[in-house]
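These protein sequence lines map, in sequence, to chains C and F.
The working numbering puts the first sequence at residues 1 to 224.
The working numbering puts the second sequence at residues 225 to 423.
Hints should not be assumed to be uniformly reliable.
[What the hints assert, rightly or not] Covered by chain C, per the in silico footprint, the following chain F stretches (three or more residues, Cβ under 8 Å):
1) 231-245
2) 271-280
3) 287-296
Calculated directly from the structure, the hints in this document are not laboratory data.
Everything numeric in this text was worked out from a predicted model, so none of it was measured.
From the three backbone atoms N, C-alpha and C, an ideal C-beta is built for every residue, glycine too.
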Amino acid sequence: MEEAGGLAATWPGLEPAHAARPEAGRGPVRDHESHDGVETSPGLEHLDDVTLVDAVRSGRREAFDLLVVRHRRAVYQVCYRFTGNHEDASDLSQEVFLRAYRGLTSFKGSAAFATWLYRIAVNACLSRSAGQKPQADVLDPDRHVDTAHVAADVALARSRMAARVRAAVAQLPRKQRATVILRVYHDLPHEQIAKVLGSSVGAVKANFFHAVRNLRRLLGEAEN
Amino acid sequence: MWARHLSREVLLAVVEGGGDVPDREHVERCDRCRRDVDALRATLAAVRDVEVPEPSPLFWDHLSARISQSIADEEAPASAARTVGVPAWRSGLWLTGVATAVALAVMVTWQPADRSTLATLSVPNGEAGWAAEATAVEQGDTGWEFLVNLAVVAEEESWGELVGGVQPGMADRALQALSDAERTALIGLLEIEMRQPSS
Ligand SMILES: [Zn+2]
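For reference, chain F alone in the conformation it holds in the complex:
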């Protein structure tokens, strides 16, 4: 008969291969504590015996790549534009930037040789006009494509360069390259972006 059996903390220590000498001796002589220790050891052994299946060797680099990508996506929301689609692109801060840059280029440098081009840049009247234009653009006409390309260039070349690198004739050339539909789309988008409260 034992006055006191081992506390659970001491039992655990013995089970895990530790414990003081007197405690281990107690376990050797006390049936009850020995049964406890044996049962706990057996349970631990059974639990320990379960392996995590080894994933494919390719998995680890794939995981690294996924992590790296998720960080990159988070740090540069604009980069998602190319793959995620139009809504993310449009809500991106940098669209305002691109629009402003183009507007700046137009305002600062454009010296139209032919004043008649101004006619094609005239702004439709009223909200309905803009809404219609914006809808048309979102549905994927060439004007939108042009803006996306412009945006990608802006993203890759960085903002300061785009604005700072404005050269006389640049906007002119850019605008000359546009079709009527593209010009209208561009103006519509510029207007929409400029009316949005800056965040």
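Isolated chain C, as found in the complex:
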């Protein structure tokens, strides 16, 4: 189990309260490695997302670089969850930020920037995946696991299970898939998911319930 791993994928600044005050309290989960190699203007780092957006709008492009640094990991992880491979996930991540940059004028600031970005990411992923089956990275467990190792069997079983889960998630209808990804892997509250997907909270809960039921069925089938 790695709740920590799964939940650490939580979007930075997800809850509006934290989004508004990223430096307050536990603050958003930031890219740990994010600041090396990235030239950001001094003085911008402690600005919250909305202020950075304003800075970009007033011509400070470097403020957008900082927004990218803050959110790139979460965007990438959403994209990876949808596509199942690094190549597509990184291409899509780039596309998501480009779309966000283009659409920055339409960001109202009433929702957290992260929520808005989630929405762009999910839309990009869904429209990309509409016509194609996810091409999962080939992770041949027999090749990647050192069979001489004591833990090999455990690792093998785990790796196979992961492949089955990915395949099952990929088979879900679009909204169910999006809901599972946002809820399970990014720990978004149902209300937040409703905003991202533009549905009601009731619809999100129903989708989630059906999604988990479907996954249970799909994983059961895969077992047999």
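Following the hints, put chain F with the ligand in place on chain C, whose structure we already have.
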């Protein structure tokens, strides 16, 4: 026997660790609801257990750089000229600008000391002539190179400066530096650009 089992919304709440006390008590005592909750929990746990492989540590800055570059490319199509190649460069708005600037410089400031240079600047007759010249230029002769250099300078120094900074003798010097082939190429391009409808 239970008159009513838990609704799916309540089941979900219990599965996710919420739910009211009476609902949780129901789950404890009702086999059917407990089985549902256990199965849903197990499924969720299995799903949650799948990690995204961590990319190389270098990946994140690489991604940032790619994003930054794609934005820069989009905002300044002219900057793509140096790497993308001739067609993008030629279709760029600023080529018209450069051509106009050079033409302006020629018209405003050029005082040819030697009228014979005009001969080399004479315009070939007819469409076929221009087409041939343009083709020759596109295939990469030195005239084209000259224009590309000029364009890069214009891009870096900005337009207003180029036009506003026209000095007497400047165009003269520029034109003196050209070979015959370069002059012909320049004229051909100017003509082509000036005949294009402005966008
Ligand atoms: Zn019951």
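Structure-based check of each hint:
no.: 1; hint: 231-245; in the structure: holds (count 5)
no.: 2; hint: 271-280; in the structure: holds (count 8)
no.: 3; hint: 287-296; in the structure: holds (count 7)
Checked against the numbered hints given earlier, this structure breaks none of them.
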